[in-house]
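Asks: Here the structure of chain A is known, so what remains is to put chain B in place on it, guided by the hints.
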Amino acid sequence: MPAAARFQTTNWSLVFAADGSPDALNDLCTRYWHPTYAYVLRCGFDRADAEDLTQAFFGRLLEHRDFAQADPRRGKFRSFLLGALKHFLSNERDRAKAQKRGGGLEHVPVDDGVAEDALTPDQVFDKQWALAVIDAAMRALREAGEPEHLMPFLTGEQSYAALAAERDVSEGALRVAVHRLRRRFREQLRRVVAETVDDGADVDGEIRFLIDAVSA
Amino acid sequence: MACAHHGSRVSGNCPACLLALGVMDIEPGTILGGRFRIAAPLGRGGMGEVYRADDLKLGHAVALKLVPASEDMLREVRVGRQIAHPNVCRLYDVVDVEEGAAIVMEYVDGEDLASLLGRGPLPRQRAMAIARDVCAGLDAIHEKGVAHGDLKPANVMIDGRGRARITDFGLAARGGDAGRFGGTPAYMAPEQHEERRATASADLYALGLLLSELLPGEVPAKRAASGHELLAAIEEGELAVASDRAFRLTAAQAWLAAAAIALLAWIPKTRTPLQPRPLQGTIYIALLTAALAAGVVLAWRNLRARRVDRRGAARAALWVFACRALAGLVAAPRPPTLEAAASFASTLLATSLFLAAEVWLAYVALEPYVRRDWPDALVGWTRLVRGRLRDALVGRDLLLGVLAGVVMRLFAAAPATPNVFYALARAVFYALFALFLLVLLRMAVRRPWIAAALWLVVTTATWSRWDAPPVEMAAVGAEMLVLLTVLQRLGLLAGAVAIFTFLQSPATSAFIAH
Chain A
5 MPAAARFQTT NWSLVFAADG SPDALNDLCT RYWHPTYAYV LRCGFDRADA EDLTQAFFGR
65 LLEHRDFAQA DPRRGKFRSF LLGALKHFLS NERDRAKAQK RGGGLEHVPV DDGVAEDALT
125 PDQVFDKQWA LAVIDAAMRA LREAGEPEHL MPFLTGEQSY AALAAERDVS EGALRVAVHR
185 LRRRFREQLR RVVAETVDDG ADVDGEIRFL IDAVSA
Chain B
678 MACAHHGSRV SGNCPACLLA LGVMDIEPGT ILGGRFRIAA PLGRGGMGEV YRADDLKLGH
738 AVALKLVPAS EDMLREVRVG RQIAHPNVCR LYDVVDVEEG AAIVMEYVDG EDLASLLGRG
798 PLPRQRAMAI ARDVCAGLDA IHEKGVAHGD LKPANVMIDG RGRARITDFG LAARGGDAGR
858 FGGTPAYMAP EQHEERRATA SADLYALGLL LSELLPGEVP AKRAASGHEL LAAIEEGELA
918 VASDRAFRLT AAQAWLAAAA IALLAWIPKT RTPLQPRPLQ GTIYIALLTA ALAAGVVLAW
978 RNLRARRVDR RGAARAALWV FACRALAGLV AAPRPPTLEA AASFASTLLA TSLFLAAEVW
1038 LAYVALEPYV RRDWPDALVG WTRLVRGRLR DALVGRDLLL GVLAGVVMRL FAAAPATPNV
1098 FYALARAVFY ALFALFLLVL LRMAVRRPWI AAALWLVVTT ATWSRWDAPP VEMAAVGAEM
1158 LVLLTVLQRL GLLAGAVAIF TFLQSPATSA FIAH
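Taken in sequence, the protein lines are chains A and B.
Counting from 5, one number per residue, gives the positions in the first sequence under this note's numbering.
Counting from 678, one number per residue, gives the positions in the second sequence under this note's numbering.
Next up, chain A with everything else stripped away, as it sits in the complex (with noise of 0.2 Å):
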């Protein structure tokens, strides 16, 4: 199966509308949990309650699909999301304790850094946000059968030397596939930012916020 065929790009607000595929929502909200709870905790909750007040805003999101005051028809869906946090946790934070529901989404697990981090809560979540658009890229490449022993020649700061001496191989032939790996992981990383914006022309510019976000 061509690559292009298997790693089709659907819009999220696809995917937010009535008739999208609930495993596909799924997917989208477990992809980007863990900046969303990276942003709970760095507004100040503790890990238990950022955990339930995070999981509380995904099963609302996968069962209501909007929020009032977001609108998931336009823009890109690191705003939506942001906006609707925000929306969120201004009506939850007056609760006594936030109610336990999950709506049966996976559960990632946590790095225990982000809470650390000397950055506004805006910074963490467009940061955790940017590394989970990696991941996602990653993780595609991964299930496509890439070669994991030259993922970590991506951006170049290796040397071939030891790894075409290890694996008995040229480093030329070492230097093709990692050429090749690269543009496979530029289509990768398209892809997952082109679900995430209204408009195709928009990737660029939302990799460059992202590359700004992670640098912070």
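Read the hints as simulated data drawn from the structure, not as lab findings.
Hints should not be assumed to be uniformly reliable.
Claimed, not checked - What the simulated footprint calls covered on chain A by chain B, stretch by stretch (three residues with Cβ under 8 Å from a Cβ of chain B suffice, anywhere in the stretch; the number is not a length): (1) 40–47; (2) 88–96; (3) 163–172; (4) 184–195.
All values reported here derive from a predicted model rather than from experimental measurement.
Each residue gets a CB set at the ideal place from its N, CA and C atoms; glycine is no exception.
Replies: Relative to the frame of chain A, chain B by itself:
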């Protein structure tokens, strides 16, 4: 070229660079800015992709670094354009292109030093040539008041003729400018983890690591994943291994190892580039060995004969110990971990004790002979250490010592010793060394003027470069003549004060300028 971003890694990759892959993929043949035809990707720098391109207007190959238009990029070009040196990659211009902005750089047809070293150790001659080139290039950069900020093998390009060029000014800073913080953790100086800015001193540290990589065998930089790991490796004696290795190397390689170790000092101010002085090194080691052997014998005889001023020896040793230890404490950056602090403290204690032991030995060995044959030389010193600060003789020695130090500074091109405690410890140590050398020579040749001439030759040869031009050699000779006169006429105290004044060059130079 590796990236300058920090933080978490994804499968060993920098996240910002991974994301950049999504937007920086230009096919060969693409013409940018109506002038540059992309030929091939060369690598990825801290802020963008680097391509080989043909300049269609001027008809030559260039390297294009595509970066987002920003103030950082403009600073990189402004700083880089100041430096024109055969061992520094030229920055030509910055142009607007469809992808944002492009820095137009000299294209070096070759490979970077990291790739070259990745294929195995370099032949000795070639390693030395590269070391010379990198030192010359960095010197040119520092001469312009610029700190590179990211010196490492991946940022040294070797062209087809084997000449090395320093490249990538993405993190460079000029003068007191803080610059953009970045760098490669394994090549960052310990203080950079706290100060977070590029400095010439930090460049010297990175140069030390780079030079050590040119030597055969493993080096700490290759194994350490972070600056803290590297620091731990240094603290745990990895560099001692490098030092031992020096004995199995040729003279030139041994100098390279010594130069690298000198640059890897933890305290920035003590990171001094070594001058190639193999002859002086041999003379110094021979003198030290002979002096130690003679000192032990003489000290033993004096102790048995009960003619030793034990209190005076203890005071001199205590003075040197306290000054050396304080110098280390004042100049050291805050240790990053408790282990590093403990390790630093034990190293400092050992160094200070060793220096103090040398002083004690020299004092016990020679002071009785000085007291017997040349009693005037120690009067001022003895009165000062007994606390007689208002003594006229002490006052005379202090004043004339300062004056002599100022006169010596008039001849000097030697670097400053800004740490006052270092200067105090070294002043006492050098003055004792100089005085006792003179006493030994007097005992050996019996004629004072021959002893003085020999003293002058030995000290001038030891403290000047072996290949120094005659004028420089004469200047050092003049400094030594002043010191000799002070020692002979006024004694130890005035000599120590003269050396202290000489070493405290910022204050002295300001005085002279005034």
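Asks: Tell me whether the statement that chain B covers the segment 184–195 of chain A is true, taking a Cβ distance below 8 Å and needing three residues at minimum.
Replies: holds (count 6)
Asks: Three residues or more, CB to CB closer than 8 Å: is that satisfied between the segment 163–172 of chain A and chain B?
Replies: Coverage by chain B holds here, the residue count being 4 at a Cβ distance below 8 Å.
Asks: Verify this for me: three or more residues of the segment 40–47 of chain A with a beta carbon less than 8 Å from a beta carbon of chain B.
Replies: violated (count 0)
Asks: Do three or more residues of the segment 88–96 of chain A come closer than 8 Å to chain B, measuring C-beta to C-beta?
Replies: Coverage by chain B is violated here, the residue count being 0 at a Cβ distance below 8 Å.
The structure does not agree with the numbered hints 1, 2 stated previously, though it agrees with the rest.
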